[in-house]
Structure formats: structure tokens, C-alpha cells
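K.L.:
Top line first, the protein sequences correspond to chains A and B.
If you use our numbering, the first sequence corresponds to residues 1 to 162, in order.
If you use our numbering, the second sequence corresponds to residues 1 to 370, in order.
The set of hints was computed from the structure by calculation and includes no laboratory data.
From a predicted model like this one, the values you see are computed outputs, not experimental measurements.
Honestly, I wouldn't trust all of these hints.
For lysine to aspartate or glutamate, the following EDC-like pairs were computed, each having C-alpha atoms within a straight-line distance of at most 20 Å [to be verified]: (1) Lys-25/B with Glu-155/B; (2) Lys-48/A with Glu-45/B; (3) Lys-46/A with Asp-70/B; (4) Lys-25/B with Asp-228/B; (5) Lys-86/B with Glu-29/B; (6) Lys-105/A with Glu-35/A; (7) Lys-48/A with Glu-29/B; (8) Lys-30/A with Glu-161/A; (9) Lys-96/B with Asp-70/B.
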Amino acid sequence: MHAAQKEALEEHFGVKDWHGRSESGRRVIKEFQFEGSELKGWKLIKVKHAEQEGAKVIRSMWSHGDNTSEVLSVDVFVCGSVKAAHEAVLEALGNMQSGAIERKKEKSTPGDVAFGLANTLIVFARGNVTVLVRNAGPTIAPVGTIARDLDGQIQRRLESEK
Amino acid sequence: MIAIEAIKFNHNHNSATHDALNIRKRATEFVHVPEWRRFISVNPEDSPAAYAVAPTQGHRITIEVSLITDDPSAAFIEVRVENHVKARAVNFINGKTGYAAFELINPPVSHGHVGIWDMHWRWEYRLGPHHPWHHFDTTRHRMYVLLDVPTDPWEQTPYNAGNTQLPWTDVLDYACHWASGATSRDMAAALVTQHVYALGPAIMTYDCPGGGSSHYSWGNFDCTNFLDLLHGGIGNGIYVNCSDCATFVSSFADALGCDLWQSRMGYSFGLNELLAIGSNVWQTACGWGGFSYHEVAWEGACTANDDVYDACLRVDGDSDPTTAPHVALLPQDLRFGNPGDLLYRDRLATPAGRPTCNPQPGTRQRRVVI
Chain A
1 MHAAQKEALE
11 EHFGVKDWHG
21 RSESGRRVIK
31 EFQFEGSELK
41 GWKLIKVKHA
51 EQEGAKVIRS
61 MWSHGDNTSE
71 VLSVDVFVCG
81 SVKAAHEAVL
91 EALGNMQSGA
101 IERKKEKSTP
111 GDVAFGLANT
121 LIVFARGNVT
131 VLVRNAGPTI
141 APVGTIARDL
151 DGQIQRRLES
161 EK
Chain B
1 MIAIEAIKFN
11 HNHNSATHDA
21 LNIRKRATEF
31 VHVPEWRRFI
41 SVNPEDSPAA
51 YAVAPTQGHR
61 ITIEVSLITD
71 DPSAAFIEVR
81 VENHVKARAV
91 NFINGKTGYA
101 AFELINPPVS
111 HGHVGIWDMH
121 WRWEYRLGPH
131 HPWHHFDTTR
141 HRMYVLLDVP
151 TDPWEQTPYN
161 AGNTQLPWTD
171 VLDYACHWAS
181 GATSRDMAAA
191 LVTQHVYALG
201 PAIMTYDCPG
211 GGSSHYSWGN
221 FDCTNFLDLL
231 HGGIGNGIYV
241 NCSDCATFVS
251 SFADALGCDL
261 WQSRMGYSFG
271 LNELLAIGSN
281 VWQTACGWGG
291 FSYHEVAWEG
301 ACTANDDVYD
311 ACLRVDGDSD
321 PTTAPHVALL
331 PQDLRFGNPG
341 DLLYRDRLAT
351 PAGRPTCNPQ
361 PGTRQRRVVI
């Protein structure tokens, strides 16, 4: 990311308050896969694995049952460390134009840190994993519950890495 | 029986002056030479060839053709395609001619503008100058005409099946159609910009629910999924942002030989009311008030003195872009400008936002196509 943009993002999103901190300590997940049963009521349409800036990226598209107008895009970044996962959060925020995206701090917010817009977009990091949940179809679906479900699954994985 | 066995359009991989360019179909499929093969090539799209106007100007365009016969008495014959392929004599040895160079007559690239031509060639032979011509075969080909050799991210070398940055005919199908008739780079880029913007709202729309996030251009350009969306598939979904649109425009225009970059401006500035792609409501993007950044297809060094092409939004083109009424203007070949110039910057950003809506030429890039 361009240094000037990163500087602006770091200031806007109060990076000093959260960067590098995680409730998961040093535990890390090494692999992540979608098999299709992870999001209750949602059908896995396609999944693609890639590498991006040192992270293993799993890009997936889900439809609400057979309703192809209600589609979610769920991207998971398995990074080498908590710090790298938080850099991935910044990178995601650096590819969002809206000036209205805010840090989410409600009790039920997923992840060690999360940012979102209403209930239609969320990016969060839990341990060394960053997750971006977005709408991709014309019928808008709320993303909060799905993000919390995924966060729970990641937390359980991190626990099992003890 | 006399028949065409194979035709090479791209017979010299190191040159674009007398023959076709190095191309592939898509990320996963190469265009093998000879492009046309007997029994295998049926439809025009089975035999694609792309030519560039600039390097071929003033040069003869040739193809290489291999003919076969099962007539042991056949030796010398003349072969042509009336109005398309200049007649020449060929010599059969053991029923084969090997590859013989033929000159094209008035090929599409000589017209000097962008387009796609499907050619139906009716091959004829005669036994000598005083004999009548006889039809013996028909071949079909698709010819793409570009203004110049495609620029980065598209490549001509290395020429092998593993180079996914060779120009894709799946991209040229759209780019040549969108910019059909263009005789200059600016005209081609403008036409591509208009057509990308016109994809909204039927095909895609600005990503209001996702905070204006990149769905096709985060990292590389996911052209495969963009093409899937254009073909009616799900792609990466219907939402796009400015980086996506800048990448669509520059990559497709650069496939025609334009020279556009993807580059950003910013950071954090207030917006005038605009029409985001897919929307007919004048408002600051999705009602947010401001952009943290914006990205466009940009010429040259991507500075205030260079022209932009923005397929993501239409700005107010009248004498006061800060208030209604609005006159919709799609920014194409429009100078970025400085505050007060009433150019792109003033039309996009509020007076208070203009000082932080600065060109960021350090972000200039051409995303790799995947």
C-alpha cells in the first residue's frame, strides 16, 4: 500500500489502539478450508485458493440456499502472525472508498478487532486470521451473524492449537 | 481433391509488422499456431488472429498456408481467395505444398480502425493463367484489429503457453466491440470508458453495501471472473468500486494499444453530488459524503496535468459542480487539473475537499491479469 494512504488509514482507524494485539496470544491457525457446511443456510457456490502478500487467501461465494440473488463473498486470509493479520485488515480498509467505515466495538463484535459499515460489510481479525464478509448479490443480507459464526469457528480452531 | 491443411496468421512470433500478434484465448487457453487446422477449425472464433494498425502500416500482411491433395497428377496450381488472398502458384510434392506465404488483399487492419471481422474465405484454384478458377475449400477466421501492440499488463514475450499476459481474445471480444471504429488511443479509451459505465445497473453497480470495496482488483485484476460476470455468470458478484472500474478501463483499453494506468487520488476528501455506476440518483457516493481514496484510469505520469478516464461515476459537467441542477458528464480524456480549474478535480471534490484530493502518482500501476 502507498505510504501516504497507509499513514492516513492508520490515523483514521486508530491503529495504535489495536494493531498487534490479540486475545489468542501466540496461537496460530496454519490452514483453513471451506467445505460447504460452515455457514448455516448458505450454499457454497465457489471457492478459490491463492497467495497474496504472504497470506493464504481463500475466496468464496455463497448463496442463501438456492436464492442466487442473495449472495455473500467471504474472503479468509490466513496470515503468518497477528501483526500480519492486522496488516491484512488495513489492506482491506485501503481498498474501500467509503469514508463512513467505522470500528465496531459492540459486545457481540467478532474478532480481536473489526470494522464495518451498517450490517452489510465487516472485516475482522481473530488471531492470525482476517475475514472479510461482503454482499455480492442484489438482495442485501446482514453479515453480522455470519461473521460471528465464522469467528466462533476460528476461535475453536485457535483453542485446539493450544 | 485439393484442400487447405492449415493456415498460420502469426507466423513470425518476433514481429507484428507483417503478421498477427501473439495472443491467447483466456488465462487457461493458448492460441496455437497454425490457428486454422483442417477438420478442427470450424467457426470463425476457432481461428483467431489479432493485428495492430501502427506497426503494420505500409507493410504487406502475409499468411502461411499449407495445402494437400490426393491427386498424384497435381503439381503446379494457382491458389487465391478472391478479394482477400492474392493469387500465387504452389507446388505439390508427395501431395503436400508445405507452408507457402500468401499476401492478404486489403486486410481489415489496413482500414486503420478498431474492430472485429469474421472472414469467410472461399478458396479457389486454377491449373494455369488461361484456365478457369474452381472453388475447392472454405475457411473461417476472426480478425481483431487493435490500434497498436497491446501495452502492459499485456505482453508479447515470452511467447509460450505459460505466459498468461499475452492478450486474451476473450478480452478483445469486448474491447474491440466497445471501441469499434476508433482511430486514436483517446477515442478507443473513451469508448471503453462509456461501455464500462453502461454496464450499470444491468450487469454491475457501485458497491454501496460493501463500503465501495474492490471485488475484482484487490491485488491482481481478476479478469476471469469479470468476464464470467459479462457472460452472465456470477463472477465475483455485481458490486464494483473505483479501482475495479479503473482496472477494467485501463486493461481493456491497453489491450487495444492504449497506454493507461490505474492510479489513485486522495486521501479523504468531500464529494460533490455524482452519479455512481448503476445509479440514477444524484448524491455523494451512497450518501457517505466523502471518499477515503478514489482511483481512475489515467494517462502519462498520472499527475494534475494528465487526463483521466473514470467509468465509476458521472460528475456534474456544468459551470457549478457543487450545486444542482446537474449536467451528467462521464469523465473521459479530462484533465485532472488543479483547484479552481473546473476540470476533473473540481467536478469530483467539494471546494473544501479539493486540497486533499491530490494525484498520488506513486500508486500508478497496471495490475497483472489473472
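K.L.:
Now look at each hint and say whether the structure bears it out.
P.N.:
Hint check:
no.	hint	in the structure
1	Lys-25/B with Glu-155/B	14 Å, holds
2	Lys-48/A with Glu-45/B	29 Å, violated
3	Lys-46/A with Asp-70/B	52 Å, violated
4	Lys-25/B with Asp-228/B	14 Å, holds
5	Lys-86/B with Glu-29/B	32 Å, violated
6	Lys-105/A with Glu-35/A	30 Å, violated
7	Lys-48/A with Glu-29/B	19 Å, holds
8	Lys-30/A with Glu-161/A	10 Å, holds
9	Lys-96/B with Asp-70/B	9 Å, holds
Consistency with the previously given hints fails for numbers 2, 3, 5, 6, ordered from lowest to highest.
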